[in-house]
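Throw the hints in and build the complete structure from the sequences for me.
Quick note: the sequence shown uses UniProt numbering, first residue 1, plus one each step.
If a hint is listed, it holds; no wrong ones were tucked in.
Quick list of in silico lysine-lysine cross-link-like pairs, DSBU-like style, CA-CA up to 30 angstroms:
#1 199 - 172
#2 12 - 205
#3 237 - 12
#4 12 - 172
#5 12 - 199
Don't read these hints as lab results, they were simulated from the structure. In this text, all values refer to a predicted model and were calculated from it rather than measured experimentally.
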Amino acid sequence: MNIAFFAYYFPKLSETFIINQVTGLLDRGHEVTIFANESPDEEIEHEVVEEYDLLDRTVYTGSPEDYVDGAKMFGASAAAVARNHPRDLTEVLEAIKLRKDGVARLANYIAFEEYDETFDVCHAHFGTVGRQWEFVADDPDQGAFVTTCYGTDVTGFVHPDRYDWYDGFWEKCDLAIGITQYIRSKMIMLGCPERRSVKHPIGIKPASFENRTRTFDGDDTLRILSVARHAEMKGLKYAIDAVADCIEAGMDIQYRIAGDGERREELESRIDRHGVSEEVSLLGWVTQNEVTELLHDSHLFLLPSVTARSGDTEGQALVLQEAQATGLPVVATYHDGIPEGVEERRTGLLVPERDVESISEAIGQFAHDPSMIEEYSRNTPEVAERFDNESLIQRQEQLYLDAIDEQ
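Dropping the structure here:
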């Protein structure tokens, strides 16, 4: 199949799930072209980007700063677009007038028309991105229009003032995917027809995460790891509070947080306020290989995700499956689709959101009963097998074929 992927940023460190889908489909012999608004401004790049020459497969549509900039971009191509697709031009102009994201939609439209290729499947990653590319669904020359929703692109709109944001969109999708049953249920709540929707999780590559059974000597330092953007919904401030409480209670802990984001200064202040800068460290962004090394060098993975004040939530939290694939037990929260990816009391412990005491108690259980770490670690291959990327890519192929048949 000839497949188009639509994303806002590519290749983005925190969105390995899109990269894994691209490489998985390439490994299966398909052609994949990625259309992205921008290249992320990141100093570090995943190793597979170069290995698979992904940048050569990427078309950047541009992201005009304002409507004037967008008008200039359009002016360069308007004549050709009007000549070749006058009806589509009218529809795009109407979309620009009516929607706040109209400028980005215009940039996408121009780039797609100039690329001038027919695809069997056009797959938007995130519902908000799908909204910017929905004009593709109206092109009879293009194949099935598929959209995957990952979390905040749905939960952020389950609000009385935003319920209508997806009106008219779901009907354009030949297939709408939710990566967890929780997300799929919210899509249906927002008007997505149940018959067009399906749960299909994102996968991991177990071969990239050698599973090592963890053991812990109660006299050693308990090494805890988080890998997350410094965003409210990741719950890192509660993790720091809980670890600080454990340290104050006499536990010997080293806590490392890989990632970065807009709340870094807040987290640094929290660490200083607790006086645990020797035990808690913020590592910044790291490569995928470095993530794997950190996972292998840890005893426990911590991700206490929360529902943000805006209503935004975590999606599947793929990093939890990656951690378990290396043999790490996890501590996480009863949040969104997270319980679907953790075998509670077999590979990890789940606690309520924002409950620092419960997080501390969960960490304490592992610290005071070292046999738990080995017991839970031995169960982790079950999770890795369930989220194996190769198997999920094969299912994704069939979902594509079914969507094409349903057109």
